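With the hints as your guide, set chains B and C onto chain A.
Residue numbers (the numbering used here), protein chains in the order written: chain A, 1 to 515; chain B, 1 to 349; chain C, 1 to 315.
A hint or two may mislead.
In silico lysine to any residue, SDA-like type, Cα no more than 20 Å apart, as pairs [unchecked claim]:
{"id": "1", "chain 1": "B", "residue 1": "K82", "chain 2": "C", "residue 2": "I7"}
{"id": "2", "chain 1": "A", "residue 1": "K349", "chain 2": "C", "residue 2": "N311"}
{"id": "3", "chain 1": "B", "residue 1": "K168", "chain 2": "C", "residue 2": "D275"}
{"id": "4", "chain 1": "A", "residue 1": "K206", "chain 2": "A", "residue 2": "E469"}
{"id": "5", "chain 1": "A", "residue 1": "K206", "chain 2": "A", "residue 2": "D498"}
{"id": "6", "chain 1": "B", "residue 1": "K168", "chain 2": "C", "residue 2": "I280"}
{"id": "7", "chain 1": "B", "residue 1": "K230", "chain 2": "C", "residue 2": "L306"}
{"id": "8", "chain 1": "B", "residue 1": "K82", "chain 2": "C", "residue 2": "K249"}
{"id": "9", "chain 1": "A", "residue 1": "K257", "chain 2": "A", "residue 2": "L451"}
{"id": "10", "chain 1": "A", "residue 1": "K349", "chain 2": "B", "residue 2": "P239"}
{"id": "11", "chain 1": "A", "residue 1": "K349", "chain 2": "B", "residue 2": "Q228"}
{"id": "12", "chain 1": "B", "residue 1": "K230", "chain 2": "C", "residue 2": "I280"}
{"id": "13", "chain 1": "B", "residue 1": "K230", "chain 2": "A", "residue 2": "E469"}
{"id": "14", "chain 1": "A", "residue 1": "K349", "chain 2": "C", "residue 2": "G91"}
{"id": "15", "chain 1": "B", "residue 1": "K82", "chain 2": "C", "residue 2": "R170"}
{"id": "16", "chain 1": "B", "residue 1": "K82", "chain 2": "C", "residue 2": "L92"}
{"id": "17", "chain 1": "B", "residue 1": "K168", "chain 2": "C", "residue 2": "T149"}
{"id": "18", "chain 1": "A", "residue 1": "K349", "chain 2": "B", "residue 2": "L107"}
{"id": "19", "chain 1": "A", "residue 1": "K349", "chain 2": "A", "residue 2": "G337"}
{"id": "20", "chain 1": "A", "residue 1": "K349", "chain 2": "B", "residue 2": "K82"}
{"id": "21", "chain 1": "B", "residue 1": "K230", "chain 2": "B", "residue 2": "L136"}
{"id": "22", "chain 1": "C", "residue 1": "K249", "chain 2": "C", "residue 2": "L291"}
{"id": "23", "chain 1": "B", "residue 1": "K168", "chain 2": "B", "residue 2": "L107"}
{"id": "24", "chain 1": "A", "residue 1": "K369", "chain 2": "A", "residue 2": "S409"}
{"id": "25", "chain 1": "B", "residue 1": "K168", "chain 2": "C", "residue 2": "A304"}
{"id": "26", "chain 1": "A", "residue 1": "K127", "chain 2": "C", "residue 2": "R170"}
{"id": "27", "chain 1": "B", "residue 1": "K246", "chain 2": "A", "residue 2": "A373"}
{"id": "28", "chain 1": "A", "residue 1": "K369", "chain 2": "B", "residue 2": "I298"}
{"id": "29", "chain 1": "A", "residue 1": "K349", "chain 2": "A", "residue 2": "S409"}
What the hints contain is simulated information worked out from the structure, not anything from laboratory work. None of the values given here were measured: they were computed from a predicted structure.
What follows is each chain in one-letter form.
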Amino acid sequence: MTADSTAQGPVLRLDGITKRFGALVANDAVSVSLWPGEVIALLGENGAGKTTLMNILFGHYTADGGSVEVFGQTLPQGNPRAALAAGVGMVHQHFTLADNLSVLENVVLGTQPLWGARLDMAGARAKLVGLAQEFGLAVNPDARLGSLSVGERQRVEILKALYRDARILILDEPTAVLTPQQADALFAALRKMVAQGLSIIFISHKLHEVMAIASRVVVLRHGKLVGEVAVKDTDPRALAEMMVGSAITPPELRAAKPGPALLELRGVMTPDRGTVRGLRGVDLALRAGTITGLAGVSGNGQAALADLIAGLERPSGGEMQVAGVAPANWSVAQALGAGIARIPEDRHKTGTIADFTLTENAILERYNKAPFARRGWLDWRAARDFAQSVIRAYDVRCPGPDTRIRLLSGGNMQKLILGRVMEVGPQIILANQAVRGLDIGAITFVQNQLLAARDRGAAVLLISEDLDEILTLSDQIHVMSEGRLSPAFARGTMNAADLGRWMAGEGFERGSHAA
Amino acid sequence: MRLEVIARPSVWRMIGFPATALVLTVVFGSALALLAGANPFQTLGLILRGAAGSQFALLETLNRATPLIFTGLAVAVAFRAKLWNIGAEAQLYAGALMAVLLGTGALGWPSGLLLPAMAGAAMLAGALVLLGPAILKTRLGVDEVVTTLLFNFIMLLFISMLLEGPLKDPMGMGWPQSSRLVPEARLPRIVDGLRLHWGFGLALIAAVLVWVIQSRTTLGYEMRAVGQNKQAAEFAGIPVGRVILKTALLSGGLAALAGFSEVAGLRGNLTLDLSPGFGYTGIIVAMLALLNPIGVVISAIFVAGVFVGADSMSRAAGVPTYIANIMLATALLTMVLAIALTRFRVRWD
Amino acid sequence: MGEILEIFLSASFWAAVIRIASPLIFATMGELICERAGVLNLGIEGIMVVGAFAGWMTVYSGGGLWTGVMVAMFAGMLFGLLHGTLTVPFGLSQHVVGLGITLLATASAYFAYRLALPRVTTPPRIEAFQPLPIPVLSDIPLIGPALFTQTPLTYLAFVLVGVVSFVLFRTPLGLALRAAGENPAAVAAQGLSVTALRMGAVMVGSGLMAVGGAFLTMSAFNSFFFEMVNGRGWICIALVVFGAWMPGKALLGAVLFGMFDALQIRLQQTSIGADVPYQIFLMMPFVLSILALVIMSRRASVPAALMVPFNKGER
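Bound-form chain A, shown alone (with noise of 0.2 Å):
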């Protein structure tokens, strides 16, 4: 940022923005401004408003109070053209295309008026090409969306931005699905933007991501703006306790003490199903005693090894040993019989049924079983004190047993999971995506969890996208990508730019043998 841009006057200026949903006040008063070329870091856990702030922007919220200017002039509230036509553009977190349809058609959506006689695909293409190009974005216009690679449906979604003519560009989580070394070919991508005079929002909780790419930091709590600093006066430590409030304590790690391997996979192959990749021969030892971290960016096989060691699907090739027994019929049912503790990567699809009581989510993998059903009849004091305990013992902050589950937070639905798998004193714990999306409460208790589980002998596989997380917690690492897992690497001997050379495939002619 230089003296003379500062002269213009900020390119957006969000003013005492405020919005209450009933009781909750999502934005209490939030007043960002943006000035030309620069890159800001809006930061925030969970829940503190940043998604409500940029959807008041975006016109699909209407602000209580406060008022949006964009280069000057103030925004209409509730009109979701408005900020688009002002040269405001968004790159989802969740990405807003369509599958079934091909990139140019995703990139064109919107851009031409909806009553035209028909639609200029040639100039379309020409454009998109011509921005491709100058920003190094490089993607083929007629590939079906669903085709395409996580990185390169990013690069439609900034593309898309690019063509709308955004002069503002806001990003929203941008790293999640990447490599750092594709993080860093991105920031490469908003420098050179950037120099062009474009001017960025980077939303993220990554604290070393927000050091690198932004020069202010905006941080939020609990909707309310509590610090705005420039990145050269302040360091990691100090905004991790800015965004949460308290000084952060990392978990406590005794040594580990390895024992016999619960679960081994040899040359395990599963087979590719729709979207979900399979595994390509598979070596994988989850030891007692131990966290074995699994790194990779998502869709690279995570899926179908969590489905593995979850009982829903079975090797096509290759062996797999339950505490040293080759199971016949691998299932669901046995996976549990096994002493497999299963948190699932997504609490709302898969973990949870939203309509059912926290008495009846509490023993979903258990229904049929004694003492909650016997001969078919379900008995639900049984269950209903069940639930209690569970409630009790993993501080799940509820109404009681008889909730509908959907009614909780992110953080105490997936206390309930971990209470339910828990309870049964598990030798082996699946942690697929564990604490994603939750505060930093809740995250330091689900991480405690498992490594409690973890000194009284369990094996865990921690499967994140969280590469911090994984070098904090694991005993050993293993990367996934194409199918194909890593060697194990012990504690200490890598780092992320390590992980992110094998996370992009890099190694593994040489791994796979060597394991």
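Relative to chain A, chains B and C alone:
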């Protein structure tokens, strides 16, 4: 506009919106009566009197409610598991067919054996009729809405073929109707001299049994889990496909009992006009009952009352009897909206 | 076999094929538009009844034929508006609402018919659309009488397929509609209203369904009677699946269907028909529809957001 989940809906919402739906339905019905040139108050009064104004009327209503309880239960059970069984009509006729096949003299059994055999055979036939679409759904992913709908037409033509062929009553003066059931195959009346047969009693028992299954057994838990969230059910190890097939068997069997009870309790033979759309009306019955099996009994009696009342009103006041269908369809649509509004708040931001 | 060959070589057979296919084409295009935008419209059967009645009633009470078509379409759109309001902004179950609309629409048409003609037993006939031979083309042997000696509504049905295809795949509006059926969030992110697009699609689609119904009373049977739609709506839903949500393929499906239907009618008159109960022939359309669904089940090209309500701001 968007919808926002209400954490704890107030009593006012829980009662106010459904009540408004019913009031709207009555107001709309009145408007239709006006349109037909009749006095709306008189029309509604006539419907009410025709449905419940005398012992005869009341029993007629309960008789009409009997098949509706069965088809309503069939729909409620299936919809609870998100199995969209719109084919209760076909399953009903399958049940009626079995009643006629076994009950017209083929088996010389006493009542105590013959009636359970007929009911069992009916349930089996109905279950098998729905099993086809259910297997197509679980194995091939063929949408069961369309297949069950199309099966209704196929079944009716099949019955028509039988009634003009092998099942034709030789004494029927050429009408497409089956022979009459033997006396042992008739469901007795609940109280001597009153026109209400045991089919109604059977329907009440069925409703209680379904309620017990849904709320007290693992099968009921599985059905609800599959209906609410198939992916979570599968993750928890519930055999989703098998649960859907079991649901289909239960649902088809229940719908078939409607046919059995109509033939053995009321008509005494099988004709092509056995069901004036009981299968389709079962959807209204089940939805008005919020898929609750005990609620089905109440809503079936309500729906039957509207039909019976409208019939008698139509004779007296000349308003077309289709006013009943319109009012019930209106009740269905307003009620689903009202139920949604008890759970969601409309926000305009 | 000679009898069957004779059937296939007669112009009247092919004319019947097209005539039978025409109402299905209208209604199938209507359903296809709804489903492309993400809404399954099970109101189709009842909306066709309403269209059949409204068109017929208009002409019966002295209105012009094209006025009848317009009235039918308008009536269909009204029910589409109701369907759309309940399923799109309120996101209610498309299954339940659709069936409810079918019950409501059917009963309304019957009620109105009984109100207008309380005591008729034989349905009165109207002066319906007459065949309009297209000069020159209609003189081609076999093809001429079959394809080019049809009523104007039939020609319109075929033109409609081209229009729907063009709009869906060549215009900005069509792209937005398809995107609403694939991923409504993508549409909303571009500042377009998913609600408006889907509501519009359901209304236009319902209007077309009603025209399909009107075809029955105004271009085929020339009178209105109960049960006349007789499952055609449900068959159209199967045709949309069979056509893999593509207008051209759906048209092909409708014509194929017309062929089988026309064939079974004629087979009833032959020696085969003497031995086989006529109900077997009447079952064929429904059996074929189920078969079509089974065959197409493997090739999933379903709009990804079909039957998925969109509530903006929901995460």
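Tested hints:
Taking the CA atoms of B/K82 and C/I7, the gap is about 45 Å. The hint is violated against a cut of 20 Å. Proposed proximity of A/K349 and C/N311 is supported: the alpha carbons are some 17 Å apart, at most 20 Å. For the proposed pair B/K168 and C/D275, the alpha carbon gap of about 17 Å is at most 20 Å, so the pair holds. With a C-alpha separation of about 11 Å, the suggested pairing of A/K206 with A/E469 holds against the 20 Å cut-off.
For the suggested pair A/K206 and A/D498, the alpha carbons sit about 18 Å apart, so the restraint of at most 20 Å is met. Proposed proximity of B/K168 and C/I280 is supported: the alpha carbons are some 17 Å apart, at most 20 Å. For a cut-off of 20 Å, the pair hint linking B/K230 to C/L306 stands: about 17 Å separates their Cα positions. A threshold of 20 Å between alpha carbons decides the hint, and for B/K82 with C/K249 the separation of about 30 Å lies outside it, so the pair is violated.
For the given pair, A/K257 sits about 12 Å from A/L451 by alpha-carbon distance, which is consistent with the 20 Å threshold. Taking the CA atoms of A/K349 and B/P239, the gap is about 17 Å. The hint holds against a cut of 20 Å. In summary, the hint linking A/K349 to B/Q228 is supported, as the alpha carbons are separated by about 11 Å, within the 20 Å threshold. For the given pair, B/K230 sits about 38 Å from C/I280 by alpha-carbon distance, which is inconsistent with the 20 Å threshold.
With a C-alpha separation of about 31 Å, the suggested pairing of B/K230 with A/E469 is violated against the 20 Å cut-off. Restraint check for A/K349 and C/G91: satisfied, since their Cα atoms lie roughly 19 Å apart, inside the 20 Å limit. Only pairs whose Cα atoms come within 20 Å are accepted, and B/K82 paired with C/R170 is rejected, the gap being roughly 37 Å. With a C-alpha separation of about 14 Å, the suggested pair B/K82 and C/L92 falls inside the 20 Å cut-off, and the hint holds.
For the proposed pair B/K168 and C/T149, the alpha carbon gap of about 44 Å is over 20 Å, so the pair is violated. Of the supplied pair hints, the one linking A/K349 and B/L107 is violated, its CA atoms being roughly 53 Å apart against a limit of 20 Å. For the hint linking A/K349 to A/G337, the alpha-carbon distance of about 23 Å lies beyond 20 Å, and the restraint is violated. Of the pairs offered as hints, the one joining A/K349 and B/K82 holds, with about 16 Å between alpha carbons and a cut-off of 20 Å not exceeded.
Among the hinted pairs, B/K230 with B/L136 is consistent with the structure: their alpha-carbon atoms are about 17 Å apart, no more than 20 Å. Taken as a hint, the C/K249 and C/L291 pair is honoured in the structure, with Cα atoms around 16 Å apart against an allowance of 20 Å. Restraint check for B/K168 and B/L107: the C-alpha separation of about 18 Å stays at or below 20 Å, so the hint holds. With a C-alpha separation of about 29 Å, the suggested pairing of A/K369 with A/S409 is violated against the 20 Å cut-off.
The suggested pairing of B/K168 with C/A304 is violated, with an alpha-carbon distance near 49 Å, which exceeds 20 Å. Restraint check for A/K127 and C/R170: the C-alpha separation of about 19 Å stays at or below 20 Å, so the hint holds. A C-alpha spacing of about 19 Å is found between B/K246 and A/A373, which places the hinted pair at or below 20 Å, so the restraint holds. Distance hint between A/K369 and B/I298 is unfulfilled; the C-alpha atoms sit about 35 Å from each other, more than 20 Å.
With a C-alpha separation of about 14 Å, the suggested pair A/K349 and A/S409 falls inside the 20 Å cut-off, and the hint holds.
Consistency note: the structure conflicts with the earlier hints numbered 1, 8, 12, 13, 15, 17, 18, 19, 24, 25, 28.
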